[in-house]
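Let the sequences and hints guide you as you build the complete structure.
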Amino acid sequence: MPPKYHIETSQVPNRFQKITRSGIIAWEEGCLKCTRCVKKDCVYQVYEKRNLDDRQMLDSLDSACMDCFRCVQNCPNRLIHKGLNPSYKALGDHYWTPEIISGLWFQAESGRIPVSGAGYGGPFSGPGFDAMWTDMSEIVRPTRDGIHGREYISTTVDIGRKVMAIGLGPGGEIISQAPPLVEIPLPVIFDMLPWSPPGDNIQLSFLYGARALGTFAVVRQSGINPAVREFLPHVIIYVDGNPGDLKEELFSSARIIEIPDGGDPIALQERFKSINPALVVMIRLRLGPKTPERAFALIAQGAEVLHLVADEYGLEEGSDPLFIKERMKEVHLHLVDKGVRDQATLIGGGGIAMAEHMAKLIICGADALSIDIPLLVAMECRVCRRCKEGIACPVELDGVDPLWGSLRIANLMAAWHSQLLEILGAMGIREARRLRGEMGRAMFFEDLEREIFATMGKRG
Amino acid sequence: MDQKTAGLNITIFFCQQLDIDQDKNRRTLEKELGSQIRFFPLPCSGRIDPLHLLRALESGADMVYLIACPEGACRYREGNLRARKRVGYAQKLIEEIGLEGARIELITGTAATPATIDTIARELLMRDATVGISPVRSKG
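Those protein sequence lines, which keep their order, are chains A and B. 21 is the number that the numbering used here gives to position 21 of the first sequence; each next residue is one higher, with no gaps. 486 is the number that the numbering used here gives to position 26 of the second sequence; each next residue is one higher, with no gaps.
Calculated from the structure, these hints are not laboratory results. C-beta atoms are modelled at their ideal positions from N, C-alpha and C, and glycine is treated no differently. Hints are not guaranteed to be accurate.
Heads up, simulated BS3-like pairs for lysine-lysine below, C-alpha to C-alpha not over 25 Å straight-line [what the hints assert, rightly or not]:
id: 1; chain 1: B; residue 1: Lys491; chain 2: A; residue 2: Lys89
id: 2; chain 1: A; residue 1: Lys338; chain 2: A; residue 2: Lys162
id: 3; chain 1: B; residue 1: Lys491; chain 2: A; residue 2: Lys18
id: 4; chain 1: A; residue 1: Lys18; chain 2: A; residue 2: Lys82
id: 5; chain 1: A; residue 1: Lys33; chain 2: A; residue 2: Lys89
id: 6; chain 1: B; residue 1: Lys545; chain 2: A; residue 2: Lys18
id: 7; chain 1: A; residue 1: Lys82; chain 2: B; residue 2: Lys545
Some, not all, of what chain B presents toward chain A, calculated at C-beta under 7 Å [unchecked claim]:
id: 8; residue: Lys484
id: 9; residue: Glu492
id: 10; residue: Leu493
id: 11; residue: Phe500
id: 12; residue: Arg507
id: 13; residue: Ser519
id: 14; residue: Gly520
This is the structure we're talking about:
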């Protein structure tokens, strides 16, 4: 059995205090000076270790409190209150919710799977990925446990074009050429950010992280500088300028190049491959209503990898945009109908915010996916988008230490990897490649609603 | 902006119950004034501690404001009353070390005219400056 892919985790402390769901208000006045103060009884020594972060004026009482409510209940004069923190409610937006952001912070800090406690109070469906349930029928088999169990569950996926049949010559010799294939141990690549504070440190964190995890980070052609060159085997160069400006040495060190759709991407792909045949070329397409036909046309012409991207909310372009999972299903099924699905790799990106989204998008037909904002959140981003408006980042992301950032990213990916293993194990699937397009192992709210209610109200 | 307090570093603590959209409303000012203005939202003005106010002065603020809800309108009933006491206490402390007590000020809105945080902040910036650059800052 090959060694298990394992991501080293460590506790990587926050630079700034977290914004927590609830906050303590200790009124102080009216204290009866009890001989046994509830503050001294705190088992987490929250009051004894109290300090104030003067960059944000946040009290450590809130971030260190474990919500046991012992002090709130036991103070005889009811001087300690806990209330919902309005700053927590204001985090992110309707898609990047405070729960998602704080969950990502926890995973990046600890490398552990977030556990919400006993039971789940609902809701049981919602928009986007929440309208999808995976089949966990094998959850009772402990030997399928990919994290601790005996069976090996692989999360490795391939990026590149695949040969559908081996061509043999008259003497039985193999004459077909195998196209280059790049294997990544985790079905995730790091994409360009839709917005971020200026500076190179964030990108360097991504690159250190990508190298440590054995995956790739997409870097714009214009962003290739001496610091980035060191990471070229883990860089996907996105050709956002004149392809002629790319130096030959980049082609020999890079393994994947990404080009935008538009013009004649296949001609450009051929041009790059004539310089380095071992290069995998990825074509980036903005998801939209015409993507299924466009994807088929590109694959028929020889495209190797298609990177289908939605916006940061997982929505495609157009006046009535579909969510990424719907369009990905459509693209996948269209390619299956045309008999070309297995020839090319599909990478989906945009709106991937949680580990479960990773498994769900793969079920909808992606081979792998690209993530962006969660990597920034791993480095304490609050998704306030102040950087987009030219306002200083409240958590000084522009000055982040790349090594610290890469450890946070590795922690987040370790937690996502463990969750992917949990899902695969619970579904009885032993490798991420087999999960792709397994729509029969999932239920979709829209389908169920249609099946159950479509006939209602019809007469005869 | 025709700011009368130009050159002064302003720190504003405020109760978040005053303005639901405070995070969006204060962005224009943050962009205009950069590090010259710092906003610190609090879940209730009663959450303020004299330490907050002193730390703000210590970290380079020339003026520190606490904006609280009008009397009788506190979500936690007496948070703003407690805030008033704490601001008074902090003023006394800074006077003892030779700073002007006016560097810390409590602002309370009126229930009749609820305002957004940026409007209140702009009004404060337009007021005549009663203090100059803090000696804490000028001494580096």
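Original post:
In ascending order, which of the hints set out earlier in this document are inconsistent with the structure?
Top reply: Of the numbered hints given earlier, those the structure breaks are 5, 6, 8, 9, 10, 14, listed in rising order.
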